[in-house]
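Asks: Take a look at the letters that make up each chain.
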Amino acid sequence: MIFRVFEKEELKQLFDILSDHNRVVAPVEAGRDGSGRPVYAFSDVREFNDIRLNHTVTKLPAKRYFLPFKEDLATFTIENDNWHKSIAYNIEQPFILFGLHPCDINALNKLDKVLLHSVYPMPYYAAKRKNMFIIGFDCIPQPYCFCRSMGADTALHGFDMFITDLGARYFVEILTDTAYNFLRHIRTEEPGEDDHILYMKVVAERNEKFTAHVDTTDLAKILDMEFQSDVWKYWGDRCLACGTCANVCPTCYCYGVEETVDIDLKGARKTKMLYSCNVMDFAEVAGGHNFRPERHTRLKYRYYHKHRGFVEAFEESLCVGCGRCGESCLADITVPEVIASVRGSGRNE
Amino acid sequence: MAESRTRTYLGVPLYRPRVAFFEFSSCEGCQLQILNNESTLLDFLSLVEVVNFREAMTERSEDYEIAFVEGSITTEEEIKRLKKIRKNAKTLAAMGSCACFGGVNQLKNRFRNPASAKREVYGSHPVDSGPVRAVEDVVGVDLRIYGCPISKDEVEKIVLHIAIGKSIVVPKYPVCMECKRNENICLFEFGEPCLGPVTRAGCDSWCPSNRAGCWGCRGPAEDVNLRQMRKIMEENGFSEETIIDRLECFGGFLSLMKPERGRHG
Numbered sequence: 001m002i003f004r005v006f007e008k009e010e011l012k013q014l015f016d017i018l019s020d021h022n023r024v025v026a027p028v029e030a031g032r033d034g035s036g037r038p039v040y041a042f043s044d045v046r047e048f049n050d051i052r053l054n055h056t057v058t059k060l061p062a063k064r065y066f067l068p069f070k071e072d073l074a075t076f077t078i079e080n081d082n083w084h085k086s087i088a089y090n091i092e093q094p095f096i097l098f099g100l101h102p103c104d105i106n107a108l109n110k111l112d113k114v115l116l117h118s119v120y121p122m123p124y125y126a127a128k129r130k131n132m133f134i135i136g137f138d139c140i141p142q143p144y145c146f147c148r149s150m151g152a153d154t155a156l157h158g159f160d161m162f163i164t165d166l167g168a169r170y171f172v173e174i175l176t177d178t179a180y181n182f183l184r185h186i187r188t189e190e191p192g193e194d195d196h197i198l199y200m201k202v203v204a205e206r207n208e209k210f211t212a213h214v215d216t217t218d219l220a221k222i223l224d225m226e227f228q229s230d231v232w233k234y235w236g237d238r239c240l241a242c243g244t245c246a247n248v249c250p251t252c253y254c255y256g257v258e259e260t261v262d263i264d265l266k267g268a269r270k271t272k273m274l275y276s277c278n279v280m281d282f283a284e285v286a287g288g289h290n291f292r293p294e295r296h297t298r299l300k301y302r303y304y305h306k307h308r309g310f311v312e313a314f315e316e317s318l319c320v321g322c323g324r325c326g327e328s329c330l331a332d333i334t335v336p337e338v339i340a341s342v343r344g345s346g347r348n349e
Numbered sequence: 350m351a352e353s354r355t356r357t358y359l360g361v362p363l364y365r366p367r368v369a370f371f372e373f374s375s376c377e378g379c380q381l382q383i384l385n386n387e388s389t390l391l392d393f394l395s396l397v398e399v400v401n402f403r404e405a406m407t408e409r410s411e412d413y414e415i416a417f418v419e420g421s422i423t424t425e426e427e428i429k430r431l432k433k434i435r436k437n438a439k440t441l442a443a444m445g446s447c448a449c450f451g452g453v454n455q456l457k458n459r460f461r462n463p464a465s466a467k468r469e470v471y472g473s474h475p476v477d478s479g480p481v482r483a484v485e486d487v488v489g490v491d492l493r494i495y496g497c498p499i500s501k502d503e504v505e506k507i508v509l510h511i512a513i514g515k516s517i518v519v520p521k522y523p524v525c526m527e528c529k530r531n532e533n534i535c536l537f538e539f540g541e542p543c544l545g546p547v548t549r550a551g552c553d554s555w556c557p558s559n560r561a562g563c564w565g566c567r568g569p570a571e572d573v574n575l576r577q578m579r580k581i582m583e584e585n586g587f588s589e590e591t592i593i594d595r596l597e598c599f600g601g602f603l604s605l606m607k608p609e610r611g612r613h614g
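So the sequence lines, in the order shown, correspond to chains A and B.
So for the first sequence, our numbering puts the first residue at 1; every next one is plus one.
So for the second sequence, our numbering puts the first residue at 350; every next one is plus one.
Note that these hints are calculated values from the structure, not bench results.
A virtual CB, placed ideally from N, CA and C, is assigned to each residue, including glycine.
One should not assume that every hint holds.
Computed, partial: chain B to chain A, Cβ under 7 Å [to be verified]:
#1 500
#2 522
#3 526
#4 530
#5 571
Could you put the whole structure together from the sequences, leaning on the hints where they help?
Replies: Put into structure tokens, the structure is as follows:
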């Protein structure tokens, strides 16, 4: 691992070099909510000043850049009785994710396990993932962030460089030669002992700021034991089954496929759409049978996939603790509260 | 026409139904929606044989297989006409919020004293207008096309699926799914009421994408949690009246909130 430090004004220089020939996606202010607070979103950025590196959390994760909400898996042209199939992985050029928080980097690492390093990698994901350059950025923990409980508060890999704000200067961790070569274009220096001490101080201060926690001890086992628990009914009664939690989740990857024919009958397409296991249509199969017609069972299985099934398969949870689902849930269903209730404490009692 | 009868898709002959469009108490805006999309209109019309469409042609025929019925049913004459259409049609599609739920028209059913309301609007002029009913409250309905107005894309898809023999599927999930796909900021963040979480999707979150809260024109999503929705609206500071006005506006939610009907004097 290579570390460097650099003056803050150098970052704009780095951005200008990177954005000269590349598409850059970064957190920006998308609007203001009713109380005047900024709402952040990932967006294509051309000007360094549009980036909000001090952003709290974006409403939607950067997921749509590698798992689009809607994506054509194949298109067909039809001529007389014949057809021709075309497949595109829907990426035109490499792109840079500038300012990804550790939770979102960890989310990518988790998705890689399923979509990249499994028996059947998904080429549509792989093509985008292999053409991504990631600049991680540290963050200030918010009241809803429980990433530390999920072991996702720091990122060990899954980025090209990771920048930490030391106050006066930036501290950068370099993981790839691409990142190293880019950094050669700006003025950086070897960190000294003082920088190391400052880095550790900054990290320790950040750790103090986490207020939300989830007790994950034996969670996979406890979920097994509490499969029939009444708490699921309690949360199911609150759930709107609107699918928002999955749509704002950086790790939810489940999808549906729809085949459509163009109205002129000259073309057809097979479209993948990200889905949510909380919506009514999710477990409906051909013939109309629905395996999970009840809200509380759907909600339960979402938690089982995240905190039990994935743990059994990959020895880690499919939740990074970003808190987006709880923040976006109109019914105020949050992961820390649901897990606490399953463990026998919480507001449903 | 004989030539187009033998049109095929991947070697399989297309079914080109004779279709008719009818309007009852409505603004006929749904029928106009069908004519709106000029870029696909000819393709659309080539899939069907239109034999009755007052908004588009003068010829009329009683020989049709699919009847698209727009509007709510408010008079005795309409009931008779609708029953005749039902008899003629193999498939009857209720088209738009008025046909599916009574639509905006059914708001008049809220008056406890309809006679006085009628007097207020029409004076002494005699008007044959009874309580508003959805099409399915009068005759059997095979297909519902939701929305106020309907979405042309959805009608095109339905007709196309009939032609090529593919099943017709409408979303059971609510508008929030489409709204998130469109990357909108939730309207509750701006302090605006929205029925997106309980309304059937399929409109591609038309209103919320334009910063206007959903009024539920497509009726309830399936397995809808109306109790929680009302609680959320209340917690967000919206009055009971605001909530009920939205839920009652198009009539789709009435069956889920019956006790409140007729509360207006």
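Asks: Hint by hint, say whether it matches the structure.
Replies: Results for each hint:
no.	hint	verdict
1	500	violated, 14 Å
2	522	holds, 4 Å
3	526	holds, 5 Å
4	530	holds, 4 Å
5	571	holds, 5 Å
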